[in-house]
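Chemist: Letter by letter, the chains look like this.
Protein chains: 2
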Amino acid sequence: MRINGRAYRTIFLADEAGTVAVIDQTRLPFEFELRHLHRATDAAVAIRDMVVRGAPLIGVTAAYGLALAMRENPGDAMLRHAVKELAATRPTAVNLRWALARMESALRKVPPPQRFARAYQEAAALAEEDVAACEAIGRHGLHLIAALAKRKHEGVPVQVLTHCNAGWLACVDWGTALAPVYAAHEAGIPVHVWVDETRPRSQGSFLTAFELGAHGVPHTVIADNTGGHLMQHGRVDLCLVGSDRTTATGDVANKIGTYLKALAARDNGVPFYAALPTSTIDWSMSDGVGEIPIEERSVREVTYVRGRLGSGALADVEIVAPGSAVANPGFDVTPARLVTGIVTERGVAEASREGLLRLYPERKEDVR
Amino acid sequence: MRINGRAYRTIFLADEAGTVAVIDQTRLPFEFELRHLHRATDAAVAIRDMVVRGAPLIGVTAAYGLALAMRENPGDAMLRHAVKELAATRPTAVNLRWALARMESALRKVPPPQRFARAYQEAAALAEEDVAACEAIGRHGLHLIAALAKRKHEGVPVQVLTHCNAGWLACVDWGTALAPVYAAHEAGIPVHVWVDETRPRSQGSFLTAFELGAHGVPHTVIADNTGGHLMQHGRVDLCLVGSDRTTATGDVANKIGTYLKALAARDNGVPFYAALPTSTIDWSMSDGVGEIPIEERSVREVTYVRGRLGSGALADVEIVAPGSAVANPGFDVTPARLVTGIVTERGVAEASREGLLRLYPERKEDVR
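Just so you know, the protein sequences line up as chains A and B, in that order. Heads up: the first sequence runs through residues 65 to 432, numbered per this note's numbering. Heads up: the second sequence runs through residues 65 to 432, numbered per this note's numbering.
A few of these clues could be false.
To be verified - What follows is a set of in silico ranges between Cβ atoms, one per label pair, in the way DEER data are often shown:
id	chain 1	residue 1	chain 2	residue 2	range
1	A	Arg422	B	Arg401	28 to 38 Å
2	A	Phe76	B	Asp88	47 to 57 Å
3	B	Ile67	A	Asn68	25 to 35 Å
4	B	Asp88	A	Thr156	42 to 52 Å
5	B	Arg91	A	Pro155	35 to 45 Å
6	A	Glu359	B	Glu414	50 to 60 Å
7	B	Gly374	A	Thr156	27 to 37 Å
8	B	Arg91	A	Thr156	31 to 41 Å
9	A	Arg427	B	Lys216	41 to 51 Å
10	B	Ala152	A	Phe76	51 to 61 Å
11	A	His207	B	Gly374	49 to 59 Å
12	B	Asp79	A	Glu359	48 to 58 Å
Just so you know, these hints were derived from the structure itself, not from any lab. Glycine included, C-beta positions come from ideal geometry on N, C-alpha and C.
Taking the hints into account, I'd like the entire structure generated from these sequences.
Modeler: Pasting the structure below:
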């Protein structure tokens, strides 16, 4: 997607020698800076410090981290060490471990002298696959937006509400929930996005607002409290969110607060879709609220917020009464009964066991 | 209620000469400071700059503002001028105008030499009436909490979720939504409050958390996104909120985001009550979503937050991507069908025309 008219990906090669460049997401939306990764350790630090975030991007960054390790030294000891170092950065990120396992398996099959080339090839394949999946999600989701646009007067934008950041900054390009929005925008369909701030980490007002603005997509930031009121007054046509894990029955785990928007969508007849890559479907689970473990995150995410001072400097300020207890569950689960449909790179499915199996017939055996 | 073991009201006489003291709420929760009001203009500035806020407290502060004016000069010109000055501070506050009208009418009935005494007497009566109403709300609401406590094991707290600040800091003492919580706490019933942060103005994490903590009531601050997840997991027994305006049919306008919590309460079988003084019932309205005007507030409330720096100084920091549009409706309406009941100083009513008229039979003529 574009930033100030120039096309970017969140991760790309900075030079012919294989140095990797990423967008420093800790400084967004106030500063746009690239960070160059020269060694595997640089990639590990970038993941750990959330210079890069979002499951797909973390996976691809770890893959390139291994490529950087092979550039330093293609021996077995380095391979082992780098896998361990990169895996330790974000203990709960499933995608990270999956990407590292795939890379390690590919690299072990070739002798050290071939590993440098093989590693860059495999990391690039991973990145391209992610872009292709997101682009396909965008293509399928575009039909939903196009259908809503047809019911409107010419030029009146389709109003999409999204929560958190499931945009291209979380992936390599396009994004998941935002891919259909970009696809519609590129297709000339007028679209406007209500962006939930998404406390406590403000991924909406920081990242989603930044990426939509930089690409030129009309949008408005709102407090997380606001979406229900907008839906009551007919100002939202479609809710579109991402997912961190989806059960075989269509229950959708996503950033905390998603469930509240799904309730408001149901109460007001607004369609509610989750857009996600196939890799986030957990075919072993059938009861999202009961089974999906919800990470309890640091209270500091609630008690402090990073913002820009009048001087232009960034600062963390305390925003909760000192001494008060704080709870910070990171995700919630939206039951399938509130989900109109699930968009994946394969197409749009009903949020049910039957709906998902129609899109993934090969999974029949895996599902209880 | 207590702050560090000492009983306070939000407004009280600082000396025998009639100087008025208020708690400076712009510095809470980080600094506790009293502000002395010597002249009517001081009261006007305190209201305008939100040193005091909350409909009941604004009304009482305006009343004492007129008393201060009469202390300066009890003539008609001063009375006229002070009413005008105080009324202009918060253009949409209904309570402010009501309190000023009552004061002015009482003062016009007596000759200037008696106005000083009469003004302090009337302002004190207004304050005492507010305290009595809040205390009665607490008494009625206490029964709800006591009934829930009976279903629990001895010593296991009743879990109350509240949104925004409808506590004693918004009134003179006790509060509205929090009055039953304080009553339960005083009665020795274990109670724990989930405090919604309440973006964009953070009244929950700033004021509700401060006043509960200062009085010694166990509580936990959460992001506004969190309540639905807690209710899904059986961790909330009761939602208790205030109201800025309630229709004759029981639709409840309150701080933006209240509706989302009511939806989650309904979805999870959690009782949802609004606690409010009779004065906030608008007998002329029957369709809250359609009829209650919703104030669109300054975007700066969303784009900036006040917090405490590491140095201890307070600072406003920018927390939204620069250039993004922002919307900031201040309130939403929870339809009566989602409201289990309405607690007023008269008792607990069903959220319906019939329920409210049973509590207010004298209003039969007013209701369409």
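Chemist: State for each hint whether it applies.
Modeler: Tested hints:
1. One distance hint, 28 to 38 Å for the beta-carbon pair A/Arg422 and B/Arg401, holds here, with the actual separation near 36 Å.
2. The supplied range of 47 to 57 Å is met by A/Phe76 and B/Asp88, whose beta-carbon atoms lie about 53 Å from each other.
3. Hint check: B/Ile67 to A/Asn68, Cβ distance near 51 Å, so the stated range 25 to 35 Å is violated.
4. Hint check: B/Asp88 to A/Thr156, Cβ distance near 43 Å, so the stated range 42 to 52 Å holds.
5. In this structure the supplied range 35 to 45 Å holds for B/Arg91 paired with A/Pro155, their Cβ-Cβ distance being about 40 Å.
6. In this structure the supplied range 50 to 60 Å is violated for A/Glu359 paired with B/Glu414, their Cβ-Cβ distance being about 40 Å.
7. Look at B/Gly374 against A/Thr156: about 29 Å separates their beta carbons, and that is inside 27 to 37 Å.
8. At about 39 Å, the beta-carbon gap between B/Arg91 and A/Thr156 stays in the expected band of 31 to 41 Å.
9. Distance hint check for A/Arg427 and B/Lys216: the Cβ-Cβ separation is about 43 Å, which falls inside the suggested range of 41 to 51 Å.
10. B/Ala152 and A/Phe76 have their C-beta atoms about 58 Å apart, which keeps the hinted 51 to 61 Å range intact.
11. Hint check: A/His207 to B/Gly374, Cβ distance near 50 Å, so the stated range 49 to 59 Å holds.
12. Against the hinted window of 48 to 58 Å, the Cβ-Cβ separation of B/Asp79 and A/Glu359 comes to about 55 Å, which satisfies the hint.
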